[in-house]
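Enquirer: Protein chains in written order, with our numbering: chain S, 1 to 665; chain U, 1 to 195.
It is worth saying that the hints were derived from the structure and are not from the lab. Cβ coordinates follow ideal geometry from the N, Cα and C atoms, glycine included. Don't take each hint at face value.
[What the hints assert, rightly or not] Pairs of lysine-lysine residues, derived as DSBU-like cross-links and limited to a Cα-Cα distance of at most 30 Å, are as follows:
(1) 587(S) <-> 118(U)
(2) 174(U) <-> 587(S)
(3) 562(S) <-> 590(S)
[As the list claims (entries may be wrong)] Chain S regions said to be covered by chain U (calculated; three or more residues, Cβ under 8 Å):
(4) 250-263
(5) 391-404
(6) 428-435
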Amino acid sequence: MKDLGKILLDPSEQEEIMMGNYSLVRAMIESGTKVITSYPGSPTPEIATAIAAVKRHQNPFYFEFSTNEKVATEVAFGASINGHLSCVFFKSVGLNVAADTFAQLAYMELIGGMIIVLGDDPGLNSSQNEQDNRHLAQLAYIPVLEPGNSQEVYEMYKMATIISQKKHMPVILRLTTHVCHGKSLVKFNSYSYRYNNSDLTPKFNRNNGPYIPITSRVVPMKLRAFKNLEELSSSHLVTLDPLFTKLNIINKTKNINKRGIITAGLPYYSLLDVLSSDNNDVHSQNTPDILKLGLIYPLPKEEIANFLSTHKEVKILEELDGILEKEIKEVAFDKKIYDCNIIGKQDIDDYMGEYTPEKVYSILRKVWPDLFTTDKKYQRQNNNSNESVAKLERPPQLCPGCGHRAAFFAIKKALDEQDITVADIGCHTLGFLPPYHMGEVLLCMGASPAIASGLSLFNSTRKVVAFIGDSTFYHAGIPGIINSLFNHHPFLLIVMENGTTAMTGHQNHPGVGKNFNGDTERIPIRKILEGLTVPVQEIDTYNKEKLTELVRSELKIIENEKNENKQNSLRVIIAKHPCMLKLTKEKKSKADYTLKQVSIDQSQCTKIFSCISEFACPSFSYNQDQDQDQDRNDNKLTVNKDLCIGDGSCRSVCASKAILPPAKQ
Amino acid sequence: MNTINIYVTGVGGQGVGIAAEIILRTLSYAGNKVIGVDTHGLAQRGGTVESFVRVGPSVYSPLIRKNSADLILALERNEALRAIQEYAKPSSRLIYYDTLWSPLNVRLHPGEVADTTKMQISEYAGASNRNIEVVSLKDDSLKDIRMQNMILISYLSKNKIFSPLNVTTDHFIKALSDLFSSSILEENTNILHPK
C-alpha cells in the first residue's frame, strides 16, 4: 500500500496522482507551515486525512481540529503573531463563523505569516448556501489566490506563504469543491527540511504591532492593509520569487476577430475542455485568447488593461457572482479603454451553480454562437433529455442502524401534527425527509436552540422541539442555549448524540475524550448543561418506547409551567446512540467479526409494513428475493443482505413481532 | 488519441470511489494521462455517488459531460439505468453489478414506484439510436459486499477492456498494491487473478 504520509514528506522531486486536498499538505510541509487549525466541513476534511498520514511518521507541524472556525482562526492568528507560519482551513460557510475574527486580520502585523484556505462550494454539493467568499475577502482587504487543479494548489499555496511572510499579511487560498477533490498528476519539487531548523522562539512583541484596534488607533492599521494590497502588482511579485512567473496564464490563439476571455480557477479548465477539438467542433479561427488569473484580488490592473486594449470583445468567465466583472469594467473605465466590448453575466443562470464544461459550453454559445459549428453532440444531448423513462431519485439517508432513525421514530409518536420541529446541521438533518418529517427548518450550525426560542414566543398552542448534534452543540449551540435560559424561552431541546462528527468523516469532538493528537479529558454535554442548571434527561435512542414517554412528559412539564405562568426555560433530552457507521466499520476490521442480520418470519408478517412506512431502514424492501417480473401486488417484505448490520433496532417497530433476532445468515 | 470518459456510480457506501481510484491508477501505470474526481460529503450517506475518470492527452476538467461517457460502471441496478440515461454515449458500454438497493421512494410507494428491472436496462440500452452494450455481473459467493466493486474491476481486466489503452493485468495489480495491504490486498488480487 502506498504511504501517503511518506510521499508527502519525501524531500526529493517526485510525481503522484492526488487530489488538491492532499497536494496542499505537501506545500504546507515545503513552506515550513508550523501551526494548522481547522473545523471539519466538506470539501476540506481530506486535508486533515493527509495531515494524519504525515503525522504517523514525523510531525513537521502542529495540527488541531478546533471547536469551530472562529476559534481555529484565532489559534492560527495567535501562532502567527508569535512568529510561526500558520494556516487555517474550513468550508465556505465556515468563514461566516470566523468572520468576526477574520475581518481584523489584515490590520495586524502577522510576523509569521498566515494562510486561510477556503473550500467554497459552487454547485452546493454539501452546503446550505452557495456563497461567494470573494466578497468577504474584499471586505477584509485580504488577497486571494485561486488555483484550478492539484498542481496549482501546490504551487499557489507556496506563493501565498511567500506573500504572507514577506508582507506579514494574511493571504487566502480559495479552493472550490472539485479543486479540492479533483485528482491529477502533481509534480513536487525537492525541498530541504526547513521545519527541523526553524526558530521556535516566541516572538510576540507589542512593538511589532500595533495590535490593539480601538477607535482612532484603527486608522493606521487600516491604512497598512490598503498599502499591502497596493503593493501586490505582478511586477513586484516576480521580484519576490520566480515562482510568480506561473501566477497568470495567457493562451494566445490566432483568432481573427480579436476575442478574449478572462477567467480563473476551475472554470479555466472547463473552458479548455470546451475549446478542445476533442469535445466540440470549434471554429478554430474564432477561438478566443485566454487570460487566466492566479491572483484574483487585488487584480493585476496593468495586465488586464493590456488584454482589454488588444481585444475587441472580452468575455468575463467567472463562477458565482460578478466580482471580476465589476472590477474589470472599472479598469476599462479608469484607463479609458472604450473600444473593447466587455461581456459579463447575461442572465440569472450565469450567477448560479458550478461552471462545469457543460455550463461553460452553453454560456459561450450564448455569447459567440459562431464559435462552434452546428454541433451534433449538442443536439444529441437535447434529444436524449426528451426521453420519457422516469429516473429514480436517490437522496442521502440515515444509515442502517442509525440511532437518529430510532430517535425520530420515537419522538414523532410523542408529537402532534401541528407541533414545530427545528433542525440543525449534521446527519440528523436528514430527518426532514419522509417518512419522519422531523426538523423542518434549518439555517446553520448551532442555530436550532435560538430559532426554537423565537418560535416559542406568543405561542401557547404549538409545542416546539429543537434538535442539535453533539459536535454542533460545542461548535455554536451553547450561546443559543444560554440565551434561552437568560431570557426564559421554553422549548424542548433534543441533543442527538452519536459520539462523533459523523457527516464530515468521524472527527473527534470535545465530548469524545480524544482530540486529533491523542487522549484528552472528556467534556460531557450533560455536565455542561447541568452546570447551566438545565434539566437534562439522558436515554439511548434504541429504547424507543421510553424515549417517546420521556418526550411526552418533558413537553407536559413545559406546558404546565407555561400555564402556571412560571418563568421557565428550555429542557433537554440527550438522545444518544453511537454512530453505527463508525462502530460497524471498527467491528468489521476485527478478525473475530461475524455478520449477523435480522430476518422476517413470513408467517408472522401481517403486512402492516410499519418497518418501512414509519421506520424506513434502508435494509427493508419489497420482493427483492423474487424475479422481477412476478406479480408485485402481493408485496413480500425482504431484508437486503447488502445492507442489514444486525443492530436489531427495527424489531420493536413491528407490532406482529415478525422481525426475527439478528443471526448469522 | 481521443478522450475516453469513464463514469463510475453506485450508492454511498458501495466503494465507488475506490473502484474509480483503481481504474485511475491502472490507466496511469499504462502510460495514459488521467484525471478524475469523486463525490465526497453528504451524498456518501446512502445517496447516489459518482466518480469520473478521464483519459487522453487533452483532458482538463475532471468532470464528464452528460451523454459523453464511453464506459459506465455501476454498482447497483437502479443506478445503472440512471447512469446510462444521463451519461452514456451511443455505442458505449455499461457494466453493472446486479444488486438492488431500493431508493426511498420505491420503498415508500410500492405499486407506484418500482425498482429498475433488467429488462428496462436492456430495452433502454438496446434502442437503435443508442446501441449500448450491457454486461450484468453478480457473484453470490462474495463474503463481503465491499468486494462487489472488485467483480467489475476483474471483468475489465479479464476481458481486456482497456487493452487499447495499453493496460495489462500487471497494471491492475500495481494499482491494487498502491491502495490495499495484507489480507485485503490478497483477497482483491485473488478476485482479479485467481491462483
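Enquirer: Now tell me, hint by hint, if it's right for this structure.
Expert: Verification of the hints:
1. For the given pair, residue 587(S) sits about 35 Å from residue 118(U) by alpha-carbon distance, which is inconsistent with the 30 Å threshold.
2. Only pairs whose Cα atoms come within 30 Å are accepted, and residue 174(U) paired with residue 587(S) is accepted, the gap being roughly 29 Å.
3. Distance restraint check for residue 562(S) and residue 590(S): the Cα-Cα separation of roughly 52 Å exceeds the 30 Å cut-off, and the hinted pair is therefore not satisfied.
4. Under a criterion of three residues with beta carbons nearer than 8 Å to beta carbons of chain U, the stated coverage of the segment 250-263 of chain S fails, only 0 such residues being counted.
5. For the segment 391-404 of chain S, the assignment as covered by chain U holds, since 9 residues bring a beta-carbon within under 8 Å of that chain's beta-carbons and 3 suffice.
6. Using a Cβ-Cβ cut-off of 8 Å, 4 residues of the segment 428-435 of chain S lie near chain U, which meets the minimum of three, so the contact claim holds.
Checked against the numbered hints given earlier, this structure breaks hints 1, 3, 4; the rest are met.
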